[in-house]
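Going down the list, the protein sequences come from chains A and B.
Just so you know, the working numbering puts 320 at position 320 of the first sequence, and the rest follows in order with no gaps.
Just so you know, the working numbering puts 301 at position 301 of the second sequence, and the rest follows in order with no gaps.
Read the hints as simulated data drawn from the structure, not as lab findings.
Heads up, some of the hints might be wrong.
[Claimed, not checked] The following label-pair restraints were derived from C-beta to C-beta distances: (1) A/PRO337 / B/ASP216: 22 to 30 Å; (2) B/ASP216 / A/ILE177: 22 to 30 Å; (3) B/ASP156 / A/LYS191: 37 to 45 Å; (4) B/HIS64 / A/LYS356: 47 to 55 Å; (5) A/LYS356 / B/LEU115: 44 to 52 Å; (6) A/LYS273 / B/ASP356: 49 to 57 Å; (7) A/PRO337 / B/LYS36: 48 to 56 Å; (8) A/GLU212 / B/ASN198: 24 to 32 Å; (9) B/LYS296 / A/LYS23: 49 to 57 Å; (10) B/ASN228 / A/LYS46: 26 to 34 Å; (11) A/LYS248 / B/ARG291: 53 to 61 Å.
Idealized CB from N, CA, C, for every residue including glycine.
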Amino acid sequence: MIDLNFKPYLRDGVDVYINDKDKTVVFVFLSTRERIQLNVEDYLVKLLPHMDGVHTTYDLVNMAGEYNKSRITKFISYLKNKGIVVNADWFEKLELDGNYKARLEKQIFFLLDMTSSIEKTLHIQKKIKNTTVAIFGLGAIGSWILVELLQMGFEKIKLLDYDQVEGSDINRHAFFITDNIGLNKAEAYKKIAKKITPDAIINSHDIQLNTECDLDTYLNDVDLVINCADEPYIGYTSINLSRYALRKKKLLFVAGGFDAHLASLGEMIVPFKTPCSDCYNNYFKESLKGWKPIKHAVTDRDKGIGGLISLSIFSSSNAALSILQYFVDLERFLSSPSGRGEFKFNDYSIDSFTVKRDINCEVCGV
Amino acid sequence: MFDKKSPLRLRPSVSVIPTSDKQVWEFFQSNTRRMKHIKLAEPELAEILYSLNGETIDSLMKEHKHLEKAIESLLPVLIQWSMIEYVTVANEIENNDNYRVLNFLADYIPSDQLLNVFNNLENSTVLIIGVGGVGSWIALGLAQSGVKNFILCDPDTVKPHNLNRSLFYDSDIGELKTKVICNKVDSFGDGYNIIEINEMINSSGDVVKILDVYDDINLVINASDFPNVDTTSELIFEPCMVRNIPHIVAGGYNLHLSLIGPTIIPHKTACFKCIGKGLELQQQEDFSSIRKLQRKKRNIGNISPLAGISASFTINESIRVLCQSDKLAPVMTNKRGEFNFLTSEVAFSNYEKLDDCFWCGAKNA
Numbered sequence: 001m002i003d004l005n006f007k008p009y010l011r012d013g014v015d016v017y018i019n020d021k022d023k024t025v026v027f028v029f030l031s032t033r034e035r036i037q038l039n040v041e042d043y044l045v046k047l048l049p050h051m052d053g054v055h056t057t058y059d060l061v062n063m064a065g066e067y068n069k070s071r072i073t074k075f076i077s078y079l080k081n082k083g084i085v086v087n088a089d090w091f092e093k094l095e096l097d098g099n100y101k102a103r104l105e106k107q108i109f110f111l112l113d114m115t116s117s118i119e120k121t122l123h124i125q126k127k128i129k130n131t132t133v134a135i136f137g138l139g140a141i142g143s144w145i146l147v148e149l150l151q152m153g154f155e156k157i158k159l160l161d162y163d164q165v166e167g168s169d170i171n172r173h174a175f176f177i178t179d180n181i182g183l184n185k186a187e188a189y190k191k192i193a194k195k196i197t198p199d200a201i202i203n204s205h206d207i208q209l210n211t212e213c214d215l216d217t218y219l220n221d222v223d224l225v226i227n228c229a230d231e232p233y234i235g236y237t238s239i240n241l242s243r244y245a246l247r248k249k250k251l252l253f254v255a256g257g258f259d260a261h262l263a264s265l266g267e268m269i270v271p272f273k274t275p276c277s278d279c280y281n282n283y284f285k286e287s288l289k290g291w292k293p294i295k296h297a298v299t300d301r302d303k304g305i306g307g308l309i310s311l312s313i314f315s316s317s318n319a320a321l322s323i324l325q326y327f328v329d330l331e332r333f334l335s336s337p338s339g340r341g342e343f344k345f346n347d348y349s350i351d352s353f354t355v356k357r358d359i360n361c362e363v364c365g366v
Numbered sequence: 001m002f003d004k005k006s007p008l009r010l011r012p013s014v015s016v017i018p019t020s021d022k023q024v025w026e027f028f029q030s031n032t033r034r035m036k037h038i039k040l041a042e043p044e045l046a047e048i049l050y051s052l053n054g055e056t057i058d059s060l061m062k063e064h065k066h067l068e069k070a071i072e073s074l075l076p077v078l079i080q081w082s083m084i085e086y087v088t089v090a091n092e093i094e095n096n097d098n099y100r101v102l103n104f105l106a107d108y109i110p111s112d113q114l115l116n117v118f119n120n121l122e123n124s125t126v127l128i129i130g131v132g133g134v135g136s137w138i139a140l141g142l143a144q145s146g147v148k149n150f151i152l153c154d155p156d157t158v159k160p161h162n163l164n165r166s167l168f169y170d171s172d173i174g175e176l177k178t179k180v181i182c183n184k185v186d187s188f189g190d191g192y193n194i195i196e197i198n199e200m201i202n203s204s205g206d207v208v209k210i211l212d213v214y215d216d217i218n219l220v221i222n223a224s225d226f227p228n229v230d231t232t233s234e235l236i237f238e239p240c241m242v243r244n245i246p247h248i249v250a251g252g253y254n255l256h257l258s259l260i261g262p263t264i265i266p267h268k269t270a271c272f273k274c275i276g277k278g279l280e281l282q283q284q285e286d287f288s289s290i291r292k293l294q295r296k297k298r299n300i301g302n303i304s305p306l307a308g309i310s311a312s313f314t315i316n317e318s319i320r321v322l323c324q325s326d327k328l329a330p331v332m333t334n335k336r337g338e339f340n341f342l343t344s345e346v347a348f349s350n351y352e353k354l355d356d357c358f359w360c361g362a363k364n365a
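Bound conformation, chain B alone (with noise of 0.2 Å):
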């Protein structure tokens, strides 16, 4: 319900634009690029709104009895669509370090609703599977933004050349590249919980073993790919199917063009084995009267802003599945991208869930 006693403000970051139709008035949310053209039949009701600075509901019914039943029923609306705000509510976000954050996400999640989603994202536990040239970023931004609860699985140290598009410096050559993490994390302030796992997934077993011990896990990142993404994949979405853990195959390198990877929501969205098949569909023709040459162990080039420009879809990803809010829904479900670096273009392919499909198919529906 809404509180009709609470002060309300316009929104620092929303503008309100006259337009050439005198009834319309536009609602830019400059976070976010987005607008809503609102008919406002009264001018009087329109300076209500672009001067809403600490009023309430019931003091506008007051002051403007006649407009009273438009106040009474617009208001809530535009809480809801996040042009106004409680005043309490933005008082906390202004004495919040991550103020950013909160007013970012406050362009889709309403005043009354963005703490609680906020200590959603605050409270989750991400699993985070490679930590080098993707995964670095990710953990990194992801602390960054307010997640709290880390379990970072990686067997390796940081070695010279990973340094050009991973999150390490020259002085941690040699370290373990968790430990290096764990490291910076901290450095950021206090509350971070961090986990370490430096083994190698060898197997699904090997996954099986840690979501057992950890059973609060709320996403699953895999940003290993060695000896690449899809082989990775493979072992790490079963544990996930079975266990309703969401999970993103974060970017990778995929033939010079960052893949953008999906967002799996089990049961919900395609899943790991629909966009595998989904491809394959998408390839038959291509390659059909043609093999390629094997070769073992090929070294593909990488730079350091292919690995931000993938991992800043990663970090997009996870904060929507953390927010656990469906104000906020995750964008690469049932899709795959791809970010061509030569024309700074994106495209996406679409998936869908497949009938004869073991997870997702009729049988388990």
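So here's chain A without its partners, still in its complex pose (with noise of 0.2 Å):
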């Protein structure tokens, strides 16, 4: 039963449409899109105003009536359980540092939008913030990812990279400043990171991910992988991780870069639940299958390709995105199809290519 000095507060991510004629009340989850309709009397409909964090269950009662006491308590129980009301100081009460919360406000009341339960909300914030990252390149896509990382409250975080800032990179890089030109992009980049969150704990390690590379010197105690390492060819570079990263059962986030860093939607790869980079690699092997390129006339082609600051902020955009979505919701993560997207600039559609588990995958298959 619920506490009489219970505050509820309608919440703020939930609409509330009310039809007088059929008596009916519509909540609509802003976030999920879901909607609860409920055919309630009167004197409840004109409750929920006051279910403004003010007021307490007692309160609410007396407005309407000691007689309907008990309907009135399992009114308010109910929109508790669905997450449409929640105590007036939930926020304040939560249980994390208090510097970390402030920056997080906005993210904490997305994620309840999302979960519509405080204890979840607070579970995902805490895994986010306890969970090892490394990240692979930091380029075009790997600086953007880790502003991103950073700004949804993670903090442990591994920098990888062998190679310089170059003047070049302003058209394309998180965090470019002229003073970083020539300096290891790991090194400059955990510098800045480290005026971005303060508390963060971020390393970073001048390295080149090839197949000499003894990812587990670095990898040991990292949970989430993410490569950006596009050279010579994100594909390439992903098969040795990815192998690794089953072997390990590590999460591996294979992020934007495909074929002249243009605006790639990657891949989660969740071991043996979703497609490893094996199964992408027969896939798009098989679908390439004939589009073969004559060679080009030009044999230095690096300055004659192009790119957009916009196009790397989409898809890193939309690989903290997936990255957020596997954290607040395993289940419906692994239910949404996996696969490969590319945003066009041209349009601004978005082509998709579902990609399933090879069965015949020498790496995960069954």
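With the hints in hand, could you dock these two chains into one complex?
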């Protein structure tokens, strides 16, 4: 039964529509678009505007008349269970460090909208805080993912890159400043990351991801690996990482940068639950069969390739969003189809390719 | 006119791929993922194109006498289609730190016009109203894309709860948002001009004052969502219509979907009012006998990736507007879009100029 001192607050992320004609109330959860429709008697409808976090349940009972006490408490109890009303001071009481909570207020409200549960919200944000992430490649995609991970409250991050910041990175990197030109990207961006979140624990390593790289040295204590290393090609560097991640049951996100750094939607690889990088490789090898460009007349093409910062931001934001979705609702995450996508600048459409686990995959097949 | 004596090359980002039809070749622009199938009856002509690296139209015509006519007519078309480029322009691009943006724009803008068009982008002046959740990304993103002149309007200082989705640092807390953006842009290099205005926009008159003082503004971006983006757009659109200044309603958070706002080119595309009316018509049926419970001061959540996605659309649109080229028109004219973060899908709805609109109607045409 509900405590009479409970101060119900109609949650900001829920819209309330009242139909006075047929006595129905519809609650619409803004984030998920879920709806709950109820047939509600008049005196209960009249109480809704007073569920403002100021009035106690006791006050509401008095407003409507003592004789309806059990109906009213049942109604409020129902709304509380559904996450439509919350205790007015839920945010103040949330057990998170004060600075961290202040910085993440908007995201915590968002998470509550997504989950309708204060317990789940707290659990998700704590899990994010305690997860160790590694980012390979701090370039057009990786640097922006780093920004967004920090903004989402990740605080244990390893940065790995062998390359230096160049003047032309102005067109694509988060944190670009001329003072960093010539410095190792991982080292330079670690310093800026610490400015964003002084409490974060950030390590940087000047190494290249290749077949000789002993992954375990760097990744043993890492929970989530993000691959943005596109030298020579992201599909290639991912194979090595994906096999390692599967063996060690670690999460891997293969982010953007597929072919010419444009706005790709990358993929989360959940070991033995979603397709692995070998599955993706097999899929694209098959679907691109017969598509073979003629050797290009211009041999050194690096400075002939285009890019836009907005496409890097789009791609990395989708990666960050996907990572957040994994933390918010694993079941929903796994039930939606895996695949890769591509944003088309030309008309702002998104092409998506659904990829399934390859049953014959030598790495993750059954 | 096309310079027949100037060396040409196949653009490095363009691939040529044989197809199952031996006479048809796919020309693929990898920057923008667009392709054209071109029928070339002579295999020799295909070879000329895919190995083009420094030859001129004149030299090719001399070398391949029997294909003279085909070369003379086809190569200018391929320049127009942004498949091949002048080597002199390519060299200039390579020596520019903005070579990625230049090469990207070159998918749309033919080689002979490219540097002029980029000049338009660089010399533009953009007024951004609100440099917070979405505006901070837009301002820095445009500065990193080549735009040099900004007027930033925001009265606020950085607060802890801004940090989860604006490009501010912990060390920026307490500083004016415009000042922080200004310092960051200055660290990108020389040549930027930024004017800061730290006043709240409360009325159309406040916007008029700014536009009267700074009369060279090429684009106004509304990224101010207090109290909401519709209210602020209401104040901004009229002065922009009067002065014929393109304006973009930058994304904002709309019912938890990221709104992709329209780009309005005054008197050419549906205006803010036309779109508002169109929206009303779409929504009318839904809520006829139903009332919505009104509540004050709602704290709706928000996250970094949605700010980034919103901003990315506005940056794309701004670049299209500021290039001022008919080869690269804005996409979001007569349109509104929403990005669904649960499915990563985008959906658009279309609007048109309405005859009874005070601004766009027949009287004003």
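A quick look at each hint next to the structure:
no., hint, result
1, A/PRO337 / B/ASP216: 22 to 30 Å, "50 Å, violated"
2, B/ASP216 / A/ILE177: 22 to 30 Å, "28 Å, holds"
3, B/ASP156 / A/LYS191: 37 to 45 Å, "27 Å, violated"
4, B/HIS64 / A/LYS356: 47 to 55 Å, "50 Å, holds"
5, A/LYS356 / B/LEU115: 44 to 52 Å, "47 Å, holds"
6, A/LYS273 / B/ASP356: 49 to 57 Å, "56 Å, holds"
7, A/PRO337 / B/LYS36: 48 to 56 Å, "32 Å, violated"
8, A/GLU212 / B/ASN198: 24 to 32 Å, "54 Å, violated"
9, B/LYS296 / A/LYS23: 49 to 57 Å, "26 Å, violated"
10, B/ASN228 / A/LYS46: 26 to 34 Å, "28 Å, holds"
11, A/LYS248 / B/ARG291: 53 to 61 Å, "56 Å, holds"
The structure is inconsistent with the numbered hints 1, 3, 7, 8, 9, although it conforms to all the rest.
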